[in-house]
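Participant: Listed here are the chains, written in short residue letters.
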Amino acid sequence: MTILTTPLHASHVRLGAKLVDFAGWDMPIHYGSQIEEHHAVRRDAGMFDVSHMLGIDLSGPAATPYLRNLLANDVTKLVLPGRALYSCLLNEQGGVIDDLIVYYFTPGHYRIVVNAGTAEKDLAWMEARTAGYDVRLTSRRDLALIAVQGPNARTKFWHAYPASRAASEALIPFQAAFDGDWLIARTGYTGEDGFEIAVPAAQAAGVWAQLHSAGVAPCGLGCRDTLRLEAGMNLYGQDMDETVSPLEAGLAWTLALKDERDFIGKAALLAQQPTRQLTGLLLKERGVLRAHQAVRTARGNGEITSGSFSPTLQQGIALARLPAAVAAGETVDVDIRGKLHPAKVVKPPFVRNGKILVS
Amino acid sequence: MNVPATLKYAKSHEWARLEADGTVSIGITDHAQEALGDIVFLELPEAGRTLKAGEECAVVESVKAASDIYAPVSGTVIATNQAAVDAPETINSDAYAAWLFKLKPKDGALCSAELAALLDAAAYTQVAGSE
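Chains as they are written, first to last, in this note's numbering: chain A, 1 to 359; chain B, 1 to 131.
Please note that a few of the clues may not be correct.
If you only want the chain A side, here are some residues facing chain B, beta carbon under 7 Å, derived [stated by the list, open to error]:
no., residue
1, Ser33
2, Gln34
3, Ile35
4, Gly287
5, Val288
6, Phe309
No farther apart than 35 Å at their CA atoms in a straight line, the calculated lysine-lysine pairs in the DSBU-like style are these [stated by the list, open to error]:
no., chain 1, residue 1, chain 2, residue 2
7, B, Lys102, A, Lys284
8, B, Lys52, A, Lys339
9, A, Lys347, A, Lys121
10, B, Lys104, A, Lys339
11, A, Lys339, B, Lys102
12, A, Lys18, B, Lys11
13, B, Lys52, A, Lys284
14, B, Lys52, A, Lys355
15, A, Lys266, A, Lys344
16, A, Lys339, B, Lys106
17, A, Lys18, A, Lys266
18, A, Lys284, A, Lys18
19, A, Lys18, B, Lys104
20, B, Lys104, A, Lys284
Label-pair restraints from in silico Cβ distances [stated by the list, open to error]:
no., chain 1, residue 1, chain 2, residue 2, range
21, A, Ala294, B, Ala5, 42 to 50 Å
22, A, Gly300, B, Asp94, 41 to 49 Å
23, A, His212, B, Val85, 31 to 39 Å
24, B, Glu131, A, Ala267, 48 to 56 Å
25, B, Asp107, A, Asn301, 39 to 47 Å
Hints listed in this document are in silico derivations from the structure and should not be mistaken for laboratory results.
These numbers were taken from a predicted model, which means no experiment stands behind them.
No residue lacks a Cβ here, since even glycine has one placed at the ideal position from N, Cα and C.
Working from the sequences, and respecting the hints, build out all of it.
Facilitator: Given below as structure tokens:
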């Protein structure tokens, strides 16, 4: 299979990025030091090429009822134009096909942004569910997506593009606005403030260079993973997948279950009695936690789903699926290379907006 | 790629240096630190442990991955580098200064043979370059 490249690939090569295969895409993992890039986002401003993710435009008179059936979260929560919602896309068994962001523009026009590795599967699923709804789905591979993140991200973006300030200054978190042929969204996957900007592919390299000149650090997907883990955000395929219920993946807050609305997977979710939960772990000793390490608790065993070394806490941290009875504050044991190491159960997030929230 | 001509190398990316006192210092190569990325944690063998050449004896962990370290020669662990344990990022800045542990060979002739069987700089450059 040939490896896919984004419109920014040549920019990454020019910057000396270390490139790796990420879900079939040749993507930068770092440009020198993953930890320095991590700190740049927590303390100043960094940018990520996330053009491997797929934007899908949904239009048609039945767009709203279609999404109310398709998604586990309820798009009628979105009232202001440009508002965004995080939701799971579930199968009939209540397993997670993908997690996504949906942007609302008008009742007949939305944009959905899905993960790279699941994009084709999602699109096929969504197409198959259009029967009976007057809607049209349009894949937007003509766009590049750049995430500018960090406490100074918005200021530096406006410094690079003063004319875009008017369109984006009033945006509240989880809101987007069109600025000519760009879509500027105050969203992200790092736990910091910032924008995700969708631009026509042909403009991407110019925007990247302009932001770089404005002092925004190029950041690879390596630190995107440690940033999202510190922020307590799930990664699809690791923390949940089609075999895992959102109720056992820390995603109950994204499920709109309390009204009459029916949606795909709802009946299965209502019938479930979750026996597991997704929690945070802080390693009490020096070391690094890794996905798939076994966790022993007094109430049964579990497993780390995402683990790493937190550059902000300077400590091993993880998300782990543990028996539901385990409470925050308890100490559990993680099996690292055959030896048990104590870790404290904490409620994620670990870090938000530059501040450490656990100890 | 930085591969000093004065050292010997294992295919598994350790370097070994025969010191004047007959002990052998061991670390990981510049190529290895580059591939691992930011190193954040070391697990080193305890002093007094006796290792055979090729034995798995330490772990170097970067943010990205954990990598097993193998003893390039046989011997008893006589020292571990606490400065590198406390600041593992020094391996990224100079992989040949930040040694991990030192071995004292039991048998000088065996040690010479084991060192001779390792790769020289030119051979290691080829191995690392072909990855």
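Participant: The structure should be examined with respect to each hint, and the outcome stated for every one.
Facilitator: Now the hints, each set against the structure:
Residue-level restraint check for A:Ser33 holds (minimum Cβ-Cβ distance to chain B is 6 Å; threshold 7 Å). Interface restraint check for A:Gln34: the shortest CB-CB distance to chain B comes to about 5 Å, inside 7 Å, so the restraint holds. Below 7 Å, beta-carbon pairs count as interface contacts, and A:Ile35 has one with chain B at about 4 Å; its hint therefore holds. A distance limit of 7 Å between C-beta atoms decides the matter here; for A:Gly287 the minimum to chain B is near 5 Å, and the interface restraint holds.
Against a cut-off of 7 Å between C-beta atoms, the interface hint on A:Val288 holds, since the closest Cβ of chain B lies about 5 Å away. Interface hint status for A:Phe309: upheld, as the beta-carbon distance to the closest one in chain B is roughly 4 Å, under 7 Å. For the proposed pair B:Lys102 and A:Lys284, the alpha carbon gap of about 29 Å is at most 35 Å, so the pair holds. With a C-alpha separation of about 22 Å, the suggested pair B:Lys52 and A:Lys339 falls inside the 35 Å cut-off, and the hint holds.
Annotation: proposed proximity of A:Lys347 to A:Lys121 holds, straight-line Cα distance about 32 Å (limit 35 Å). Restraint check: the Cα-Cα separation between B:Lys104 and A:Lys339 comes to about 27 Å, which is no more than 35 Å; the hinted pair holds. About 24 Å separates the Cα atoms of A:Lys339 and B:Lys102, which keeps this hinted pair within 35 Å; it holds. This hinted pair checks out: A:Lys18 and B:Lys11 have alpha carbons roughly 22 Å apart, not beyond 35 Å.
Using a Cα cut-off of 35 Å, the hinted pair B:Lys52 and A:Lys284 holds, with the two alpha carbons roughly 32 Å apart. At most 35 Å may separate the alpha-carbon atoms for a hinted pair to count; B:Lys52 and A:Lys355 exceed this at roughly 47 Å. The straight-line distance between the Cα atoms of A:Lys266 and A:Lys344 is roughly 33 Å, inside the 35 Å bound, and the hint therefore holds. For the given pair, A:Lys339 sits about 30 Å from B:Lys106 by alpha-carbon distance, which is consistent with the 35 Å threshold.
About 43 Å separates the Cα atoms of A:Lys18 and A:Lys266, which puts this hinted pair outside 35 Å; it is violated. For the suggested pair A:Lys284 and A:Lys18, the alpha carbons sit about 32 Å apart, so the restraint of at most 35 Å is met. The hinted pair formed by A:Lys18 and B:Lys104 fails the criterion: a straight-line CA distance of about 38 Å is larger than 35 Å. For the given pair, B:Lys104 sits about 34 Å from A:Lys284 by alpha-carbon distance, which is consistent with the 35 Å threshold.
Between A:Ala294 and B:Ala5 the beta carbon distance is about 45 Å. The supplied range of 42 to 50 Å therefore holds. Judged by the Cβ atoms, the range 41 to 49 Å given for A:Gly300 and B:Asp94 holds: they are separated by roughly 46 Å. In this structure the hint that A:His212 and B:Val85 lie 31 to 39 Å apart at CB holds, the actual value being about 37 Å. Distance hint check for B:Glu131 and A:Ala267: the Cβ-Cβ separation is about 51 Å, which falls inside the suggested range of 48 to 56 Å.
Checked against the hint of 39 to 47 Å, the pair B:Asp107 and A:Asn301 passes, with Cβ atoms roughly 46 Å apart.
The structure fails to meet hints 14, 17, 19 from the earlier list, while all remaining hints are met.
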